[in-house]
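Trainee: Chain by chain, the residues:
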Amino acid sequence: MGSDQATVNRIKQLKAIQPRPEFKTSTRDFLLSSIAPQQEAQTKVSFIDYSLFFTRMFKQQLFEPVVVMLLVLAFSLGSSLAVNAAFYSLPGEPLYRVKIALEKTQLQLTANESRQAELEIEFAHKRLSEFNKIVARTDVSSAEKKEQIDQVVREFQKNVGAVQQRITKIGTADQNINATEKQKTLQIALTISSKTDELFKTFDQSSSTLDASEKVAVESLIAEAVETAQQVNLSAQELLDESAATTTDEIITEQGTVEGEAFEEPGVADLIATSTIETFTETQAGSSQDVETTDSIVSED
Amino acid sequence: MKSFHLKEKLLLLRLKKKDPEAFAQLYDLYMTPIYRFIYFKVPSQQDAEDLTSEVFLKTWQYATQKDEEIENLRALLYRMARNLVIDFYRSRARQDWVNDEEAALKIPDVRQQKLLAQIEAKTELESLEGIMRQMKDEYRELLLLRYIEELSIGEIADVLQKTKGSVRVQLHRALKLSRELLESHGKRSSDR
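Taken in sequence, the protein lines are chains A and B. Quick note: the first sequence, position 222, residue 222 per UniProt numbering, numbers continuous. Quick note: the second sequence, position 162, residue 162 per UniProt numbering, numbers continuous.
Worth flagging that the hints you see were computed from the coordinates, not collected in a lab. One or more of the hints may lead you astray.
Stated by the list, open to error - One-sided excerpt, in silico: chain A residues whose CB lies under 7 Å from chain B:
id : residue
1  : ASP4
2  : THR7
3  : GLN13
4  : LEU14
5  : LEU31
6  : ILE35
7  : VAL45
8  : LEU52
9  : PHE53
We treat Cβ as the ideally placed atom computed from N, Cα and C, and that holds for glycine.
Work out the full structure, taking the sequences as your base and the hints as a guide.
Mentor: Listed below in structure tokens is the structure:
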């Protein structure tokens, strides 16, 4: 490399080769006199010429690879920032529509029905956290708050409604699918059941923190949303019960054919058993609560 | 470099409007490099001077009469010089053909003789010039454009109508050859 530089330096010495000064001057004069007849046709460079020239230069600069790369970078950075900002937006904010549109796109890009149902539940959760944020807000008027709650509850209902539809669809398709698929569907139904349960509880708790006037304004809406969530929970439970019945029949049939062989696939049976136990415990807890309440009413009397 | 391009573009704009002052500026700016470029391609100084003058006249005609967009004025000047040198050898070959069929090959011979004389020359500049002339034209013009006239690889590719990649490869070979020639010349000088 060093010797390359030395060679280059030696080549550069050839810069010393110059034309004769007298040739330089005489040729200049000769050339200028040669073009003299054309000078009459000379036109001045106008303002328009200059503006056109600078516009063209600007365009060329704009399409230079570095500039294009910078623009692409700025665009991608800007859009990722916008997506990020949209992620934290609340109803009534300009980017909220972007957030909803992004969620819809995500759903469209998901081919699996079960995954779609899970996504809808996730989105419903997001609506719930948005609802909590709106309820906690103090910087907006009651009218604005009502409008925002209205929007978020409607979106929540849409999400939950979609879950309901998907559960029905999964239930119908469930008839002709194999054991692994069945197990998967059951797991989803279980998740949905527990999540919707969680959803309407949170909704109920959050709405209790609203002012009396605010509560009156959004009460029917919230009641409707809670009802939808409960409906979804019921559908999920029904699906679970149906699957439990089918699976029990299958187990009995299997036991009849392969006697003495241990049931090695615990997934479905375990899931149903756990779910049934959980539901039973919850019901029992609920009834003991009811008994206590009745007792206290009686003693008060 | 950017301001240089802008200056050149503005010069071209004025040239298109047949501004003689712009032409004088163009001449002052590029006369020496164009002369040097031609100088290494032709056998005599007289030929180099004649062709240099013709390059500027042709450029004026091209810029004022043609409506075609000129992207790079400097590259255009070098291309013009290159084409005129080719025409020069063609016309010389035709003239010589009338007298002697073998005369068409005379130019390299003349150059070869001149080269031997130059290699033996005492001054560094003359020996360097001799070494440059010893190289094939393709390599010589690459070294000249890159290291003496300091054109970018892109501009050289534009002048020689080659790809940037091929310019880089050939430039590397040319530099290697020139280093070898310089080393062998140095050895010979020290032996003497």
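Trainee: Taking 7 Å as the limit, does the beta-carbon of A:LEU31 come near enough to a beta-carbon in chain B?
Mentor: Constraint on A:LEU31 satisfied, holds at 5 Å.
Trainee: Holds or violated: is the Cβ of A:LEU52 closer than 7 Å to a Cβ in chain B?
Mentor: 9 Å, violated
Trainee: Grab the minimum C-beta distance from A:GLN13 to chain B and call the hint holds if it beats 7 Å, violated otherwise.
Mentor: 6 Å, holds
Trainee: Holds or violated: is the Cβ of A:ILE35 closer than 7 Å to a Cβ in chain B?
Mentor: With a closest approach of 6 Å, the A:ILE35 hint holds.
Trainee: Are A:VAL45 and chain B close enough, Cβ to Cβ, to be under 7 Å, as the hint says?
Mentor: Because about 5 Å separates A:VAL45 from the closest Cβ in chain B, which is inside the 7 Å limit, the hint holds.
Trainee: Double-check A:LEU14 for me: the hint is only fine if its C-beta lies closer than 7 Å to a C-beta in chain B.
Mentor: 5 Å, holds
Trainee: Given A:THR7 was flagged as interface, is its beta-carbon under 7 Å from a beta-carbon of chain B?
Mentor: 4 Å, holds
Trainee: Given A:ASP4 as an interface hint, is its Cβ closer than 7 Å to any Cβ of chain B?
Mentor: Holds, because the Cβ-Cβ distance from A:ASP4 to chain B comes to roughly 6 Å (cut-off 7 Å).
Trainee: Measuring from the C-beta of A:PHE53 to each C-beta in chain B, is the shortest one below 7 Å?
Mentor: Where the cut-off is 7 Å and the nearest Cβ of chain B is about 5 Å from A:PHE53, the hint holds.
Hint 8 from the list above is the single one not met by this structure.
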